[in-house]
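Q: Protein chains in written order, with our numbering: chain S, 1 to 610; chain B, 611 to 925; chain C, 926 to 1233.
Keep in mind that a hint or two might mislead.
[To be verified] Listed next, the in silico DSS-like pairs over lysine-lysine satisfying Cα-Cα at most 27 Å (straight line):
1. C:Lys1038 <-> B:Lys613
2. B:Lys619 <-> C:Lys939
3. B:Lys617 <-> C:Lys939
4. C:Lys1195 <-> B:Lys804
[Claimed, not checked] If you want a taste of the chain S side facing chain B, the calculated C-beta under 10 Å gives, among others:
5. Lys385
6. Trp391
7. Asn396
8. Phe416
9. Asp496
10. Leu497
11. Gln501
None of these hints come from the bench; they were simulated from the model.
Beta carbons are placed, not taken as given, at the ideal position from N, Cα and C, and that holds for glycine.
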Amino acid sequence: MNKKHIKLTALLVCAAMAGSMLAACGGGNESSSDLGGLTPDSSITDEQREKHTVLSLGIFNGGVGYEWTKKVAAEFEKEFAEVSFEEGKTGVVVDINPQKDAFSVDGMRSAIKQGIDAEDIYYSCYNVSKDFARDGTSLNITDWVTEDAYKADRTFADWELVNGKVVYTNATSSIQDKMYDVHKEGHYLDESDLTVGAEVLPSGYYSLPFEDSLTGFVYDHDLFEEEGWLIYDGPNGLPKTEEDFFDLLDTIYDANMIPFTYAANDAYDYFSRGLTQAFLAQYEGYENAELDYTYDGEYVFDADTAAIINENEEGALSALVDDGLAEFKPTDGSYKVTITPETAWVLIYQPGKAKYVEFMRRVISTKYIDPATIEGTYTFRDAQKNFVWSWEGLGNQKRIAMLYEGEWWENEARTFFAAAEYGQRDFRFMPLPTFEGQKNHDEQSIGNYSKGVDLFVSSKTKIPEVCRLWLQFAHSEESLETFTMQTGLTRFFDYDLSDAQYNQLTKFAQNVYDIKKTDKTGIVIHTARHLTQNHEFYDAMKMGGFGSDLYSTIDGKEHKKMLVRTFFENPGTTKVNITSEQYINGMYKYYTKAKWDLAYATWQENNADA
Amino acid sequence: MEKLSFKSKRARSIFAITVWTLILTWCVLFLYVLAWGLMTSGKSDMQFTYNKLGFPKPITNKWGVVRDPGKFQFLENYAFVFESMTAPDSHGARVSFFPMLLNTLYYTLAYGLVAVVSPMLCSYIYAKYSKRVRWTKLVWVIMLVNMYVPLSASLAASINLAMQLGTYNNIFTFIWTYCGGFGGCFLIYYAIWKGLSWDYAEAAIIDGANHFTILFRIMFPMTLTVFWVLYITQIIALWSDYQTPMVYLRDYPTLAYGVFVFNSTVNAAGANGLDPTSVTIKLAALFIVATPMFTLFMIFKDKMMGSLTMGGLKG
Amino acid sequence: MKRTKLKGLQTQAKQENIFCFCILIFFFIQWGIFWLYANLNSIRLAFSYFNTSVDEYLLLPANRFFENFADFFSLLITPRGGEFLLNGAYFHLITSVVCLPISYMVAFIIYKKLPFSGIFKVVLYLPAILSGMVVILLYRHYITALATENGFRGIFTDPSTSRWIVSLYVLFTGIPSGLLVNLGSMSRVPSELIEYGELEGISLWKEFVLITVPMIFPVLQVQCLGLFTGFFTTQGPLFTFYNRNAPDELQTFGYYMFMAVYEGVDGMSKQDMYGFTSAANLSIGLMSIPIVQGTKWLFDKFDPGAEF
């Protein structure tokens, strides 16, 4: 091959590359709702913009997708096609903008403040309720949330135009009526939340809950039935006790299958928190678990735990007693400690936390986890893919019995299912087993990962009337049903699916619906209070953990990595073998009273003028 | 130098054979990995998952259903990359392929040009005028300071400075950073200028030419080959540079940065059976960014490899 | 006549001065800003902290003036800091002690035009063309696939293998490094010397050691000096391999500093880390003076003093 040929070949390669580039310019993607990082162009034409009012919706383009929004938007446009919201224009068109990175907290805030590329309404992936209310980013929507907009059957009310404004004629209930109490409490901001310097902003709703999804072990119910593994005393034959749970994992392992896979690198931040919260709420009881965030209440440490506290923080409990912040009960040696921001350091000694470490140390084992997860490049997509495909016995892939994921996973993993297969396979959530010593002996729960992510209206919207109607329309019975039918996820509002609708759901979506909406499964959901109800010091402190991440001190070094990640990277077969005992002792050396006192003092100093 | 064949006793020494074999092994391994990467970039995700190293073959499930026919899908994969490869700007908005390509072209062509022209000019002055214009010796002093003073602005300070000067996140003004006259090409060009006779300039002066004319119409044209070699080398280096755009030019992501981000993508779902997180798609992205420079190199390799030496260039 | 000639010379001198000034003034200013001021700014940052209330870097108060330096040296003496240094030294030594001599030998064999040298030259130069990022990611994907197919998982993340596999990459890409520069230097060795050596019947090894290396010693010295200034600050290929998730046992100080500035580390924001990294940079610069001078002294001591 002479030089000319080489040059020619190189040019031909470039031409081929250019050819595929042109091929890419051709069609768009059909299922663009699944494009996590891709941003389709706006489909609203200039002509439409001239003739109709445009409502811009910013949708966080994650596992939920935005196909559901298109369907609701189509109905919304039809509903108000003849109404004029702006002079010279009739009707409304909904411009859906699905983004991911652009809709970061700072991204949304700066877009709204600067009025550049800002949407009217955001369906976000963050808890921004209080922050955005305080800094004027989000609009006070109390009137819209409390206004009756639905008929008795919770469908969208009839309406008429009165002086150009849409007025409902037979409405008997509001968005607020559909909200669960935990979300009403979390989203309703009062004076204490809205005091900014000398100013107190009006109390009320500045956001609504968008997504509050479950996370947990998703198991292949078909496989479990085939193999006869549903032999325990828990719901549907699932494991009841901790020992049952590990017996199941061992059984799966002995059957030459992989007990579970999970998204390794992606899972640390997201899923481990959901699991931690569920575990602690189940073990300690909901109110005790919430102490980690509110720093407001009381906790009783039994004698054994008190001894551990005294071993690590000599004299600390006695000092609390002397200060009137704890009560010693000589009959059983227990201490009832008043939990305040100053004394909350003691919560690291809640037995549930040590128990959680022990449990996770057993779970994160090379025996139980898909070996593929050890790859640094292993993602949640790989986990979903391997879990779905393992059923087919492709290549040398062992069957995977469970996947640790969130409620949205099946919708997100659509592309991995063969066309006829999607929705036909029976996946279900497995609740945590019961643990020795847990407060409510029988309770088995699943965690709520998102702790409520918010949707809100931009404070700078020029079409508040349209936003009002959208919010109310989108939370009608029919719209909420559309959401569930399209995504398989169930929102935490009061609505039901008909039997016909329920039967159209995938089996996994049915399971989620049953867990969230009915008592059929016997599984408890612990929905953590909204972040607005955290004590401010929790938000300000940078010590990590105390109910969320649990760091430790290992070999004298502060180990600022999440527990799940630490155990994952030290599964017991490599040279560093971290035991649960080591981790727990290190935890007590990491979260010391001295460190807490310093952090609190610094926080007080920095907030002296607040 | 004449070629040395293995017929010669010298070439058959242990040293020569060992090193030659090492080179051969290295080249074979490298080309193999390259070929593997190219082949894999045309596979489907399922193919790669269950057949990582070999040529595509049909993948059948345990019921005998063919789940993947075992064919290459280069066009689909590469088209998907062109469609879906995006990089976030500083606001998180996604910048697609064509804007990244434009950014890359500007970054490589303009920045590369100033990175070569700047030391060319400085070295010219020092090489040709330092004996007559004494203060120009300052150029050499600055060169020595740059080389031997062990100070370098920390990355943090550089970012801070860029923000102060208003060049941060501005592809049009950040170019001033590349206008250093005392950079790597200084010594190369200095040797070239030293090798050029001043007689041409003297003849031009007699004819009434000014010094600008001498530089741009007489001296510079004589170094065109060198200039192009250095320029192309700079283009190749800048084309692949992802860290500078990542740190300083967030609103102007280049293809290299786009590919880097794309290869780190873990949380994007796919469409039409294609998945941006799959290795096959990521490899396709790598080849897309590498191919233009590979082509450029193959066209100009004789000039580049024949001309470039340290301390002197063959013009 | 003399006066005219003198006047002519003066005019020419003036023109030359103006010309040089016109060309150089921009570059002096550029250097003044982007090197001199940048370094002064870096020094200033080393004594500053980021004040969140005014969103600016302010000078540290007198009682905390050297806080950033103290933080840097405190980190250095911790086991973690020690690990950073050792890892940096480790990667550095692979490049300087292992790869450098091999790269010279490789260049020598290519320079001697043994069979297929032309093709070898092109292939060896390809990593520079394809870019470090492409080569690293290609390597990563291939090695992961190869290991997985052979039942070995986590080759890049398992502490027992991660170091070797990254070292293998450093070694692999270090072998052809500096190829063109080395070839260029070797091509300047006078052919008469080579011919004389051939006539005397010296082997290729002796030619390499006794003729070529001494002749290109200044180039080798410059390369080594360049290598040693990176002793503390080398990142290795860690960021491209692992992004922000480089295993602890592999992290170098250069990687840590880059991550500190890129997105913050240890719970500190990147703005908070600017002062620390500037102090670290300055300290490292000063600490590397003896290393650089020492290297220079060593080279000068062993410089065969060949000239041509």
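Q: Going through the numbered hints above, which ones does this structure break? Give me the numbers in ascending order.
A: 2, 3, 4, 9, 10, 11
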